[in-house]
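Peer 1: Each chain, letter by letter, is given below.
2 protein chains.
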Amino acid sequence: MTVEIIPVHGLPEVRPGADLSALVAGAAGLRDGDVLVVTHKIVSKSEGRIVALSGVEPSPFARQFAAEHGKDPRQTEVVLRESRRIVKMDRGVLITETHHGFVCANAGVDASNVPGEDEVCLLPLDPDASAARLHAALRDRLGITVPVVVSDSFGRPWREGITNVALGVAGMRPLADYRGQTDPHGYPLEASILAVADELASAAELVVGKTSAVPLAIVRNYGYEPGGGSGAELVMSPDKDLFR
Amino acid sequence: MTVEIIPVHGLPEVRPGADLSALVAGAAGLRDGDVLVVTHKIVSKSEGRIVALSGVEPSPFARQFAAEHGKDPRQTEVVLRESRRIVKMDRGVLITETHHGFVCANAGVDASNVPGEDEVCLLPLDPDASAARLHAALRDRLGITVPVVVSDSFGRPWREGITNVALGVAGMRPLADYRGQTDPHGYPLEASILAVADELASAAELVVGKTSAVPLAIVRNYGYEPGGGSGAELVMSPDKDLFR
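Note that the protein sequences, when read in sequence, are chains H and L.
Under my numbering, think of the first position of the first sequence as 23, with each following residue one higher.
Under my numbering, think of the first position of the second sequence as 23, with each following residue one higher.
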């Protein structure tokens, strides 16, 4: 079946405390069985995950790195506070592991698409909880089941460019596990666990873009696997990770 | 605009020497401006990139690794021959850099979806050339411009599951560069080069799947940036790569 990726226009600027489900329900023609992909930024904004840099006192470590690489030391300080581990710190790039376990540049702290000149946006505190809240609120409000993916753009080793991935997931399985199944020739599919929530996030990015002010997309007709599921399942556990 | 991801059914088993453009033109209702995403396997098959393991003599190094981890030493030998560098060799997992520069498990050598019991499939020798040939042949045959993405599923550090990425690209820019543009609030988008060809490959995977014998998908209404472009541009150059 043809899968449709539908951009959602007309969402107002999201302010701290905004009821995201009301905004989404008003702007999007959601149907039962759609998957909703929401860029994390509007989730973070609604949750007040915005920091005014004027109130941040940078540590000596943040000052030193920022001075060396022409960065704002207060923003570097926020990145460090959002991190539990520095993965790479080289050539002015700061790749850290966030408190959630995501490995990304600048702990996901970002100044784009934030209204205040002096403000930066953090990742949601618990993107799975954010996704679950929106999933439940859309069910209450509209009486339909809509899995929710909260996304962000991450870089990755070895490949150029960033792609959208799923930080939070609710209402669907984020991984499609083909192990135990066979291909059309009867060969067992061993290494085939697909990160479909990440693929949904990437597909949504094709209509969302960076400058178009479209912070959400509907994926229609995708045969998702219902059930409990989380973005945390997409974070590789340290004992399995060869690149730790 | 709504982007459509359309699965293409009815492609026959592809044999070495097959004219892929004829098969694709016959099976897919392609239109001018569509993007065609083709899983590398049918490209590799049409190009004869299939190896019969019965003819492979494993090296002592391949024998040793295979014995230790319960693998077929002949298949390990093929993986080593397709590699120019071993990136990680740990817990039975062999992640290598292929001669193209792709970093992936087993150099992309795979026994699934191959008809012969004793056969494995390699990546295309030059996926960009494969994409360019198909792109040109579809123009000749149908008189339409259809960018082509040749895809495969790769794992990645830090995250569970595999996602589809673009190995070869023709007829479009694989990266969307937002640098120099600003967000709706006027903030410059610095770190925003999106790997849209990878996102197209991931989007296509949502309808392709692993067991459904759908080796290609059409992406319709995606506003790609026309022009010369290659999958090679998605391979990070060693001097920029922090994870080398």
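Treat each hint with caution, since some may be false.
Note that identical chains are pooled: a pair holds if it fits in a single copy or bridges any two copies.
Stated by the list, open to error - DSSO-like, lysine-lysine: derived pairs with alpha carbons at most 27 Å apart:
#1 K93 with K110
#2 K110 with K262
#3 K262 with K93
It should be emphasised that the hints constitute simulated quantities derived from the structure, not laboratory data.
None of the values given here were measured: they were computed from a predicted structure.
Peer 1: It remains to establish, for every hint, whether it holds in the given structure.
Peer 2: Hints and how they fare:
no.: 1; hint: K93 with K110; result: within (17 Å within a copy, 34 Å between copies)
no.: 2; hint: K110 with K262; result: both (19 Å within a copy, 13 Å between copies)
no.: 3; hint: K262 with K93; result: between (34 Å within a copy, 19 Å between copies)
Every hint, counting from the list given before, is met by this structure.
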